[in-house]
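*Asks:* Residues per chain are reported as follows:
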Amino acid sequence: MSQSVITRAAEATPPGLARRFRGLSDRTIAWIFVAPTIFLLLAVNIFPLIWTIRLSFTNFRANRPNAGVEWIGLRNYDRILTDSDIWQTMQATAHFLCWTIVLQVLIGFSLAWLINRKFKGNDLWTTIIVLPMMLSPAVVGNFWTFLYQPQIGLFNYVVGFFTGADPTSFSMIGSVSLAPWAIIIVDTWMWTPFVMLICLAGLRSIPDSIYEAAECDRASKWRQFWTITVPMVLPFLMLAVLFRGIENFKMFDLVVQLTGGGPGSTTELTSINLKREAFEKWRTGYASAYAIILFVTVFGLASIYVKALNKVKER
Amino acid sequence: MSGYSITEPSPRQKWVAGTLVALYAVITILPLVWIIATGFKSSADAIAYPPKVVFTPSLEGYVNLFTTQTRQTAEYFATHPPQTWYERIVQSKGLTIAGPSRFGERFMNSVIIGFGSTFLSVFLGTLAAYAFSRFKVPLKDDLMFFILSTRMMPPIAVAIPIFLMFRSLGLSDTHAGMILLYTAVNLSLSVWLLKGFIDEIPQEYEEAALIDGYTRFQAFTKVVLPQAATGIASTAIFCLIFAWNEYAFAVLLTSGTAQTAPPFIPTIIGNAGQDWPAVAAGATLFLLPVMVFTILLRKHLLRGITFGAVRK
Chain A
1 MSQSVITRAA EATPPGLARR FRGLSDRTIA WIFVAPTIFL LLAVNIFPLI WTIRLSFTNF
61 RANRPNAGVE WIGLRNYDRI LTDSDIWQTM QATAHFLCWT IVLQVLIGFS LAWLINRKFK
121 GNDLWTTIIV LPMMLSPAVV GNFWTFLYQP QIGLFNYVVG FFTGADPTSF SMIGSVSLAP
181 WAIIIVDTWM WTPFVMLICL AGLRSIPDSI YEAAECDRAS KWRQFWTITV PMVLPFLMLA
241 VLFRGIENFK MFDLVVQLTG GGPGSTTELT SINLKREAFE KWRTGYASAY AIILFVTVFG
301 LASIYVKALN KVKER
Chain B
316 MSGYSITEPS PRQKWVAGTL VALYAVITIL PLVWIIATGF KSSADAIAYP PKVVFTPSLE
376 GYVNLFTTQT RQTAEYFATH PPQTWYERIV QSKGLTIAGP SRFGERFMNS VIIGFGSTFL
436 SVFLGTLAAY AFSRFKVPLK DDLMFFILST RMMPPIAVAI PIFLMFRSLG LSDTHAGMIL
496 LYTAVNLSLS VWLLKGFIDE IPQEYEEAAL IDGYTRFQAF TKVVLPQAAT GIASTAIFCL
556 IFAWNEYAFA VLLTSGTAQT APPFIPTIIG NAGQDWPAVA AGATLFLLPV MVFTILLRKH
616 LLRGITFGAV RK
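Protein chains in written order, with the numbering used here: chain A, 1 to 315; chain B, 316 to 627.
Simulated from the structure, these hints should not be mistaken for lab results. Note that the structure is a prediction, hence the values are computed from the model and not measured. Any given hint could be a false lead.
As the list claims (entries may be wrong) - So the derived label-pair ranges between C-beta atoms look like this:
1) A:S303 - B:G419: 40 to 50 Å
2) B:A393 - A:G174: 36 to 46 Å
3) A:N63 - B:L338: 47 to 57 Å
4) B:F370 - A:S175: 21 to 31 Å
5) B:G571 - A:K307: 42 to 52 Å
Backbone N, C-alpha and C fix where the C-beta goes; we use that ideal spot for every residue, glycine too.
The shape of chain A in the complex, shown without the other chains (with noise of 0.2 Å):
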């Protein structure tokens, strides 16, 4: 293939249009394929961050465009900070990220151990289980709010077959103790997937060779694991938690119309509290405060954590 287009790139004649860009350096056509994509970015994204950190020290409300803006400083910061509510906010997601990320690491490490073992039918198997993570959340959300109804989800009805419970003494998105865990499992159901491609890749990374060495020196299949599998995965598997990290921290859509925050304010995560005070409440200043302190935390846990993952790497 490669001595094709090597003869076909030889034999074609420039044509007529050549000319016209003779003239262009690298340089010049360098700046031209990068500009549109950093113009952009710079006006969809910088500009905007921008104007949220301009407006969150206003009280500025994006209902009421007439009003008159005032420049409030550093007090927009200093309510939030000091706010009990949003306080809880960030515990519920707290609580969320760390269920989720445990669940998903351990379940989607298992299930690269096992598809490892190369047995029959495991690429058929394997693209059943990736599928919901390619499926719309929100969709997949509204839907699995169907399957947690007391008396006629099938969620509650084979929770109920398998544990002898009866189905409709529970409501996993209506009962306070039970609606955060109703969260946990569709994402775990989800994104688990994602943890085991990831760790599958790190898993078929390691050379045979290691094993059999290890194999000569008569190391058992425990001690094999724990030495060289794990430490060779290790990498994988961080990489695979910031990125499941950063998409948690945003969870959005699927908390929206699995249980809209409810009941109260149990599953408020901090994308549906922002959402509230921003187009709900039309608290665009305080709204704005809030958008940057979120931003900042993940920026600044990410920014340590990748520290943390390169230096696992050099290892």
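Assemble chain B onto chain A, guided by the hints.
*Replies:* Here is chain B on its own, set in the frame of chain A:
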């Protein structure tokens, strides 16, 4: 590979692993099977207790999905017998079809915005990725990281100023506005993925073309682009899937004209709460293309979902 290896698992191990994975796969697919099945149930079957596994298929959900209906009197029905099979389904519940529902429109919006933004982000992404891959762009690493970092922001955080910006530019609730927005969001994925694909094409091909008198631009269009075709295609599908599934911006920045299907499907309401067969029918039609793409994309999946950070 020659026959025996110590690392090869025993047949029994394989069997156990296969069974466990198959079991998990069956549990995973169950909610999806349930969505598809519910789409073909009658309203009564959908909310039966215990949940019905065996049922008589009905197209009621699909009919409800595509039409809006009004209640009519018995006298009206006596003078207006149903003309078609779908009118018969609707009339059996004492209703008549008032017109098409907005689902078709919303679905088309998803198609227009999805394909429009995909085309733009792949087009711009290919150019930028080529430049990053082949030329000495100043601050290359910083720019690449900047492009990636645009994905870290929660959509709601930028939604406030974008909402204000679109309002003053007259872009709110328009196809053009949403296409532009999704293009920007997808650019990070597109640039990172395509750079990986283009990096893999040996530079010697272009050098050969340049020596033969091609300009840089021609070498790009005639040598690099055909070589990168599969990479471009899979990048396009990932961008399309993202734009197709996006919800946060769609629900915050559109209210009618340009609203896509994800915010619309959950709002399908029947006589008593949500009309589950219709919701399931809508979800099925909406999820189906993505399921097909996922199966086609198996090979590139890992690279696509991790921005090329991990390669299989």
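*Asks:* Now tell me if each hint is right for this structure.
*Replies:* Status of each hint after checking the structure:
1. A:S303 - B:G419: 40 to 50 Å: holds (46 Å)
2. B:A393 - A:G174: 36 to 46 Å: holds (44 Å)
3. A:N63 - B:L338: 47 to 57 Å: Given about 52 Å between the Cβ atoms, the range holds.
4. B:F370 - A:S175: 21 to 31 Å: Between F370 (chain B) and S175 (chain A), where Cβ atoms are some 30 Å apart, the hint holds.
5. B:G571 - A:K307: 42 to 52 Å: Once the Cβ atoms are compared, 46 Å apart, the range 42 to 52 Å for K307 (chain A) and G571 (chain B) holds.
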